[in-house]
Amino acid sequence: MTDQKEIKVSIRNLYKIFGSDPVAALEHVREGLGKPELLEHHGHVLGLQDINVDIRAGEITVIMGLSGSGKSTLIRHLNRLIEPTAGEIIVNGEDVLSYNETQLHGLRQNTMSMVFQKFALFPHRTVLENAGMARRVRGETAAAADIEGQKWLDRVGLEGYGGHYPNQLSGGMQQRVGIARALASDSDIMLMDEAFSALDPLIRTDMQDLLLELQRELHKTIVFITHDLDEALKLADHLVILKDGAVIQQGEPQDILLHPNDPYIMDFIADINRARVLRVRSVMEETTKKGTKIAGEVDANSNLEQVIALSEGDTNLHYRVMQDGKQVGLLHMRDLVRALVPVEASDPARRLSA
Amino acid sequence: MAFYDRFFEAFGLEDWCGEATGGPMTMAELLAQSSSGGAGEEEAAVPFMETPFPSLDTLHGSCNTIPRTRDMTEAVEQSFIGIKDELRFVLDPITAPLGWLLDQTLIWFQIIPWFFMIPILMLVTWFSARSLGVLALVTGSFLFMAAIDHYDAAIATLSIVFVCTAFSVVLGVPIGIAMSKSNTLQRITIPILDMLQTLPTFVYLIPLIFLFSVTESKLYGIAIILYAIVPVIRLTDLGIRLVDKDVIEAADAFGMSNRQKLTGVQIPLALPNIMAGINQTIMMSLAMVVIASLVSAPGLGRLVLRGINNLELGVGLVAGFCIVILAILLDRVTKAALGRINTSEH
Numbered sequence: 515m516t517d518q519k520e521i522k523v524s525i526r527n528l529y530k531i532f533g534s535d536p537v538a539a540l541e542h543v544r545e546g547l548g549k550p551e552l553l554e555h556h557g558h559v560l561g562l563q564d565i566n567v568d569i570r571a572g573e574i575t576v577i578m579g580l581s582g583s584g585k586s587t588l589i590r591h592l593n594r595l596i597e598p599t600a601g602e603i604i605v606n607g608e609d610v611l612s613y614n615e616t617q618l619h620g621l622r623q624n625t626m627s628m629v630f631q632k633f634a635l636f637p638h639r640t641v642l643e644n645a646g647m648a649r650r651v652r653g654e655t656a657a658a659a660d661i662e663g664q665k666w667l668d669r670v671g672l673e674g675y676g677g678h679y680p681n682q683l684s685g686g687m688q689q690r691v692g693i694a695r696a697l698a699s700d701s702d703i704m705l706m707d708e709a710f711s712a713l714d715p716l717i718r719t720d721m722q723d724l725l726l727e728l729q730r731e732l733h734k735t736i737v738f739i740t741h742d743l744d745e746a747l748k749l750a751d752h753l754v755i756l757k758d759g760a761v762i763q764q765g766e767p768q769d770i771l772l773h774p775n776d777p778y779i780m781d782f783i784a785d786i787n788r789a790r791v792l793r794v795r796s797v798m799e800e801t802t803k804k805g806t807k808i809a810g811e812v813d814a815n816s817n818l819e820q821v822i823a824l825s826e827g828d829t830n831l832h833y834r835v836m837q838d839g840k841q842v843g844l845l846h847m848r849d850l851v852r853a854l855v856p857v858e859a860s861d862p863a864r865r866l867s868a
Numbered sequence: 050m051a052f053y054d055r056f057f058e059a060f061g062l063e064d065w066c067g068e069a070t071g072g073p074m075t076m077a078e079l080l081a082q083s084s085s086g087g088a089g090e091e092e093a094a095v096p097f098m099e100t101p102f103p104s105l106d107t108l109h110g111s112c113n114t115i116p117r118t119r120d121m122t123e124a125v126e127q128s129f130i131g132i133k134d135e136l137r138f139v140l141d142p143i144t145a146p147l148g149w150l151l152d153q154t155l156i157w158f159q160i161i162p163w164f165f166m167i168p169i170l171m172l173v174t175w176f177s178a179r180s181l182g183v184l185a186l187v188t189g190s191f192l193f194m195a196a197i198d199h200y201d202a203a204i205a206t207l208s209i210v211f212v213c214t215a216f217s218v219v220l221g222v223p224i225g226i227a228m229s230k231s232n233t234l235q236r237i238t239i240p241i242l243d244m245l246q247t248l249p250t251f252v253y254l255i256p257l258i259f260l261f262s263v264t265e266s267k268l269y270g271i272a273i274i275l276y277a278i279v280p281v282i283r284l285t286d287l288g289i290r291l292v293d294k295d296v297i298e299a300a301d302a303f304g305m306s307n308r309q310k311l312t313g314v315q316i317p318l319a320l321p322n323i324m325a326g327i328n329q330t331i332m333m334s335l336a337m338v339v340i341a342s343l344v345s346a347p348g349l350g351r352l353v354l355r356g357i358n359n360l361e362l363g364v365g366l367v368a369g370f371c372i373v374i375l376a377i378l379l380d381r382v383t384k385a386a387l388g389r390i391n392t393s394e395h
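Sequence lines, in order, name chains A and B.
All the letters of the first sequence, read from the start, carry residue numbers 515 to 868 under the working numbering.
All the letters of the second sequence, read from the start, carry residue numbers 50 to 395 under the working numbering.
Source of the hints: derived by calculation from the structure; they are not laboratory data.
All residues carry an ideal CB built from backbone N, CA and C; glycine is no exception.
Mixed in with the good hints there might be a few duds.
[Unchecked claim] Short, incomplete list of chain B residues facing chain A, as computed with Cβ under 10 Å:
#: 1; residue: ALA124
#: 2; residue: ALA202
#: 3; residue: LEU291
#: 4; residue: ASP293
#: 5; residue: ASP295
#: 6; residue: VAL296
#: 7; residue: SER306
#: 8; residue: GLN309
#: 9; residue: PRO317
Just need the whole structure built from these sequences, with the hints factored in.
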């Protein structure tokens, strides 16, 4: 693991309850009432309960959950599009909830930008005007906004589309405009609310690659919401899994995959292609011993699929795992094959209890 | 003696009711008197099936303290007359600009000779509609109306519609915006708008005649605006409420102030609906022009009125036809302008 980066956004004990008297309902929740009971007996919907998440600078934090799990509600708390019932949201050391209207506008204009599932471009403005929108809102001149807008349109691959209107573009292109719009604001933090969910699978892969490529260069703090586990595993540095408004597990995606702590997550990860998602570094034995009968060297970040192809299916082999030219561990093919079996199936005790 | 006498006797209310004090006779009493040939005659028992409804007039027959219906309408009238001076004191200065503008615009429209006015109208048409077809329609129609000597009346009507629409937009759009921002205001305003739209158009005129003199132009100005302002308010409210929630959220997420949101997002995106409202407002003010001619509004309406009053069938029909032509022109021009807005956006 690399050294821990500074915490950019910190969510502390965040609660959100929808209904006529959320404060009273909050007391019941603190006394331990669950989501269904609260709805049945008090007519309030528990949106989020006791969320604690640290979002580190320069990382992609993916918040994953099914619809209704509160993930879109959670991301909207970060820039206060939704007001929380209780809790703290600390951005760059300041509590956002204490902000007045002017400070809040400043935060939204300068510190956080957002990309939306349904693109939410301004239909009456050209692509270029949309891209430079954040700067126009801040009061910069149209010329300055256009220069910045054009730069980011070019960067996301939309050269020559500046004069079009958004609805003349395909979905994927519209979302590129959405990303350019967010990048052109030059904010440190980017909130992406199911940004790729409305796109075709192929386009979605393209966009994920684009995002990773941009991220390698820009090192933004990105909060990404998705309901798609493959997408989450591909993008996440830090993965937060939400269910019924509560965090049930968070951590490094590889770690969650190998050590799920909840049956819900086990169900979730049961269907994914583990060989493609798991990396050598997660299943290797961490050691600097030379080892015997070494068949060759593999990179710590290659996925298991690549190693299987390399070994031609021979489970008796051992590989030296290298990172930045140094040995960081040994990979035994037996461990690799064992890691391919989901935890539930590999653990007889769990299987019986299920 | 009347039907409900026994009812009041049963409750011991004769003293409260008192003796008949006379007062003006109602039409019903007069009829009863003439048909029965004199009061005081023993009344025949009223058959059950003819039991009268205990209305004010019927009850008054048994009990003098209860007022008659005509007293009530009298009271309504008196209370209106009572506040008339105060109302006038408030309304006169407020409505003064309207009267002034109506008069001035009418004068200017009439001063400009036809050989300037028609090209001006053609230019306005071209810049708002950008359609050769509409331009030809406008030119042809005005030449036709001029040829049958209805040009002056048509121009007078046009000036009234022009001023009243301008006022409706200037007042109606802000009201509509305010309504779209506040659900409470919307709940209060919608019944008023419903009332303005359903109130028979003549009814507008009655209190206005009391307030202002019939020769004042603002009298018909107010009547037309009250009637025609409704669609522009409704559609502004609707248009702003219909703006895509996602787009509004994006505007919020990028830190737009309420003013930036209103002028940069909501109004531009509501513009097709607002323009549709303006189109309806123009049509409705044109419809009111004939009724407004009852209170001295000049123009084609006055010719229609002459046709009705003097049974001059031809005059009325031709003037009516010219109003239809004006309506078509205004509709086509505004629709073409609306279409232009729509295509530039989508």
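Hints, one by one, checked against the model:
Checking ALA124 of chain B against chain A: minimum C-beta separation of about 45 Å lies over 10 Å; hint violated. Given the 10 Å rule on beta carbons, the hint for ALA202 of chain B is violated: about 41 Å separates it from the nearest Cβ of chain A. Hint status for LEU291 of chain B relative to chain A: violated, with the closest Cβ pair at about 13 Å, above 10 Å. Interface hint at ASP293 of chain B: satisfied, since its Cβ lies 7 Å from the closest Cβ of chain A, which is below the 10 Å cut-off.
Because the closest C-beta pair between ASP295 of chain B and chain A is about 4 Å apart, less than 10 Å, the hint holds. Taking 10 Å as the C-beta cut-off, the interface hint given for VAL296 of chain B holds, the closest approach to chain A being about 5 Å. Against a cut-off of 10 Å between C-beta atoms, the interface hint on SER306 of chain B holds, since the closest Cβ of chain A lies about 6 Å away. Interface hint status for GLN309 of chain B: upheld, as the beta-carbon distance to the closest one in chain A is roughly 6 Å, under 10 Å.
Look at PRO317 of chain B: its Cβ gets to within about 5 Å of chain A, closer than 10 Å, so that hint holds up.
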